[in-house]
Amino acid sequence: MTELKLDTPWQRALEQIKTWARVNSPWAIHYNSGSCNGCDIEILATLTPRYDLERFGIKLQGSPRHADILICTGPVSLQSRDRLRRIYEQMPDPKFVVAVGSCGISGGAFQGCYNVVGSIGEVIPVDAYVPGCPPRPEAIIYGVVALLQSLQKKPAAPAQPVE
Amino acid sequence: MENPESPQKFVVPIGPQHPALKEPAHFEFSVDGEIVTGASVRLGYVHRGIEKAAEARNYPQGLYLVERVCGICSHVHALSFALGTEKLAKVVAPPRAQAIRVLTSELERLHSHMLWLGVAAHEGGFDTLFMYSWRDRETVMDLLEQMTGNRVNYSINIIGGVKQDVSDEIKTAILKGMDFLEGRMTHYLTVVTTDETFLGRTRDVGVMTREQAETLGPVGPTARASGVPIDVRVDSPYAGYVDFPVNLIVDDGCDLLARFVVRIKEMQESIRLIREILDHLPEGELAVRVPRRIPENEIIQRVEAPRGELFYYMKSNGTDMPERVKIRTPSLCNWASVINLAPGYKLADMPMILAGIDPCFSCNDR
Amino acid sequence: MELETALQSAETLLQPLAVEIKRPEPERVDVYITLENLKPAVQTLVDAHWGYLAAITGVDKPAPAVAGAAPDGDVEVLYTFANGGALATLRVRAPYTDAQIPTICDIIPAATLFERELIEMLGVDCIGTPDRGHLILPDEWPEGVYPLRKSFTGLNQE
Amino acid sequence: MELSLHPIILLLFFPGGLFLFVAGLLYEWVDRKLVAQYQNRIGPRFIQPLADIIKLLAKEEIVPDGVHKGLFIALPIVGLASALAAALYVPLVGFNPSYSFNGDLIVVVYLLSVMTLCLGLAGANTADRFSLVGATRTLTQLFSYEAPFMLSLLGPAIVAGTWQISEINAFAIESRPWWFAFTQIVGFLVAMVGLMGKLEMPPFDAPEAETEIVAGALTEYSGRGLALFRLGKDVELVIGLTLIAAFFMGGLANPLDFLWKTAILILVVAALQSLFARLRIDQTVGLWWRAGALLALLQLLAIILGRYLQPVLSQFFSGLFGG
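Residue numbers (our numbering), protein chains in the order written: chain A, 1 to 163; chain B, 1001 to 1366; chain C, 2001 to 2158; chain D, 3001 to 3323.
The following block holds chain A by itself, in its conformation from the complex (with noise of 0.2 Å):
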């Protein structure tokens, strides 16, 4: 879809409200997709007093279509492969993808596992890696909040239907 660009103070003006409201309340959604679950309870660990994801916004939803950023972890077992896909495409735009551990980035410990894709990257796009195995909830939280920061200089770009 061209958009129409407009680059009169009032379209500049409301686009800055709108990163601005992007980067302030991103919701996120969580999928495992074939880890060993050490990444998951570190992210549940984010949402826990000590570390309190909802100081920044970041509230946890059950739903694809309320969520803004699809964190995932895990080597994306041949099970999961066609999950994962449709939950990312269930996701209004803008959407962003954080795969959270080094088996999201390169198939972690379970590499050459015959029921295993490899990496989050081969099936969706991703706009930011945590590596670690699992990453301490401070890393994750630093993956997210960089993410968003990368978001207030280039507004996002529609994501591009995965083939």
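Hints may be right or wrong, so weigh each one.
Lysine-lysine pairs mimicking DSSO-like chemistry, simulated, CA-CA at most 27 Å apart [what the hints assert, rightly or not]:
1. Lys1315/B x Lys2061/C
2. Lys2022/C x Lys1315/B
3. Lys153/A x Lys59/A
4. Lys2039/C x Lys2061/C
5. Lys2150/C x Lys2061/C
6. Lys153/A x Lys3069/D
7. Lys3033/D x Lys18/A
8. Lys1009/B x Lys1265/B
9. Lys2039/C x Lys1315/B
10. Lys1265/B x Lys1171/B
11. Lys59/A x Lys18/A
12. Lys2039/C x Lys1090/B
13. Lys1265/B x Lys1176/B
14. Lys18/A x Lys153/A
15. Lys1346/B x Lys1087/B
16. Lys1087/B x Lys2061/C
17. Lys1163/B x Lys1176/B
18. Lys1315/B x Lys2150/C
19. Lys2022/C x Lys2039/C
20. Lys2022/C x Lys1087/B
21. Lys1315/B x Lys1163/B
22. Lys1315/B x Lys1090/B
23. Lys1087/B x Lys1163/B
24. Lys1163/B x Lys1090/B
25. Lys1087/B x Lys2039/C
26. Lys2022/C x Lys2061/C
27. Lys2061/C x Lys1090/B
Think of the hints as simulated: they come from the structure by calculation, not from any bench.
Given the structure of chain A, go ahead and fit chains B, C and D onto it with the hints provided.
Chains B, C and D only, in chain A's frame:
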């Protein structure tokens, strides 16, 4: 357990992605109104083929892999694999290493049960207990990190012993943490047994009588909450449990409330055990040398994971790679009890009943 | 029940049906039985309330030490029962060509999960098992490919 | 306090639209912050609800297929409109309501439940399983808390002898020391719990139980529809709190009154939210019909008896206390 899908039945699919499930699995509850009439589960979303991968890795690499079967009970898998390999090689780890292994597995039981207490309360909509129990769990995670260097997948085991020692400074930190947790445990026990709305959600829900428990074959706290006295630490003590005996905690409440009570009492028992281990930590070196090539042999090793009896069958063929590693995790046994007991209860009870057996999908999909 | 008495009772119970009984480890007894008296053996253990079924393990190409290994290799299935500290394992062998093993789901209903895994992982056909659906393998897994067999070297990515 | 402003300003800016949105967002923030503090967490910043709404408005709105498009778009708008309409008859910020006529209490309670009706219809509109279950639960909960909530509000109305909210508010201001919360304690409790049922706050959030049916009727909504529904809920929170404060806490004479009384109420509501586990839908309905409706009826009986015995009693009391 795929029951026939008759068209007029209203089927509620709780799919791979669902806020109640921390890990993917596909449940289909056939419902009329709010009452569940049938339940079926499709696992396999987290299957990575670890048993096949273990055959292509030598023993130390296998230890690294087996720790990542499940993130919550990683030490127990590594302990079982290490004990099994030592049995294959007819080697016994030194007593100090055995005691440190038991210390770590009891700390892991504490953090796993607290994690479960939070998630089960969250399933029932009691978010405050979720937040409180996970806040207190951070103390155990700090202790584990101080002792082993990592919060999850602490890999303190090596084949033949342990890597890190327990210095006096760590000992005092653990004892201080245990005092704090003991107070919290009594608080949780009172909350779980007196809070009216919580009792409304757990009393007489998901009842499994003793006879059903014997036929459906659950293991661990789910079985002990229905009066079945099975606990590998008591039945066939392994590692340090020989010199630090555990007293069995059984409750014949048979319902979800009993499962909460059994697990909280188990945490109190773990705290007592940790204190006892730290008082009489045996002296000696930490590990013993194990040859790279393990002679041809075949063993069965059973270990008590936080969720129940973990069963390892290992077969070596003289090379430095195992010929067969069979991992039967406790969650696999507990599934039969959930699926057969679900009909009759309300749809709103399903997340609580599922959380009652503390399912770990990465454990049972391997 | 004390460890030794448990093992003794298991041995006496299974003596008539067993081809051979061994004690590989102090707390474990192995009972080699033929395919036909698998069900009666399981039935006797269950009737005597001898512990519970801990696991069904499939092993591909067992050690040639036991006589009668089929020429093109075969699968050995171990039914392990646990009673307190004692373990009793019933060992059954089935050649690749027609790996047919009678199901024990009618005696122990909870064994259906173990059998489903055995069927899809090692290609052993449990006759009469109530449910043969994939337990942990993905839906689009090709037919006839059994991952835990030594002959399987990896899913040739299509 | 009388407010003489141009009706358009009344409608669009001050107690009406814009101010109500800001007040709703602030109250939602106070509510989330308090619940977080009770749970030992830090909780969101004060601009969080504003950022949520703007972000949702800027998101792409997906209309799922198998859904009646017109209804899908219209329901959130109707829901928010009915909530805003109800705001006109309620003494917001201590000023007299912009419009009031005899019998507007019934109209306000009806308008507030139109919002829940829209939610139920929105859920039933889509084919998604979770929304269908959510819709049935929303409607069952609507029918269960409506009666006790209405009966408990009737208490002060009967004592004040009128159906007009502004007059009840004036009556409550006159009898200042005798707050209705003390004289009609049962009515106050049932009204408070009724408000929490109406806004589907935990422990009554079975219709949108996150761990059972994802987001209940709102599962399929994204972007604008979701923003309007959330805004409607916030506005209803403000209206509900003002209504209960006006009736049971000695009326709202000036903005300061409004502020500290609703602050107390939201403190109590947040505490109740974090104290209990979520009740199943059959438990909530059982609680309402067995406890709620019965208590409210007893309360009404007591008031009616009090009305007729009042002339007799007042001489007795005046004799006692010297008038």
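Structure-based check of each hint:
1. Lys1315/B x Lys2061/C: holds, 12 Å
2. Lys2022/C x Lys1315/B: holds, 17 Å
3. Lys153/A x Lys59/A: holds, 23 Å
4. Lys2039/C x Lys2061/C: holds, 23 Å
5. Lys2150/C x Lys2061/C: holds, 8 Å
6. Lys153/A x Lys3069/D: violated, 36 Å
7. Lys3033/D x Lys18/A: holds, 24 Å
8. Lys1009/B x Lys1265/B: violated, 41 Å
9. Lys2039/C x Lys1315/B: Since the Cα atoms of Lys2039/C and Lys1315/B sit roughly 26 Å apart, the hinted pair holds (cutoff 27 Å).
10. Lys1265/B x Lys1171/B: Holds - the C-alpha atoms of Lys1171/B and Lys1265/B are around 23 Å apart, at most 27 Å.
11. Lys59/A x Lys18/A: Distance of about 18 Å is within 27 Å: holds.
12. Lys2039/C x Lys1090/B: Not OK: Lys2039/C and Lys1090/B at ~34 Å, beyond 27 Å, violated.
13. Lys1265/B x Lys1176/B: holds, 20 Å
14. Lys18/A x Lys153/A: holds, 13 Å
15. Lys1346/B x Lys1087/B: violated, 48 Å
16. Lys1087/B x Lys2061/C: holds, 22 Å
17. Lys1163/B x Lys1176/B: holds, 23 Å
18. Lys1315/B x Lys2150/C: Holds, at roughly 14 Å.
19. Lys2022/C x Lys2039/C: holds, 20 Å
20. Lys2022/C x Lys1087/B: holds, 18 Å
21. Lys1315/B x Lys1163/B: holds, 25 Å
22. Lys1315/B x Lys1090/B: Since the Cα atoms of Lys1315/B and Lys1090/B sit roughly 13 Å apart, the hinted pair holds (cutoff 27 Å).
23. Lys1087/B x Lys1163/B: Judged against 27 Å, a Cα distance of about 19 Å means the pair holds.
24. Lys1163/B x Lys1090/B: OK: Lys1163/B and Lys1090/B at ~20 Å, within 27 Å.
25. Lys1087/B x Lys2039/C: violated, 31 Å
26. Lys2022/C x Lys2061/C: Holds. Lys2022/C to Lys2061/C sits at ~20 Å (cutoff 27 Å).
27. Lys2061/C x Lys1090/B: holds, 24 Å
Consistency with the previously given hints fails for numbers 6, 8, 12, 15, 25, ordered from lowest to highest.
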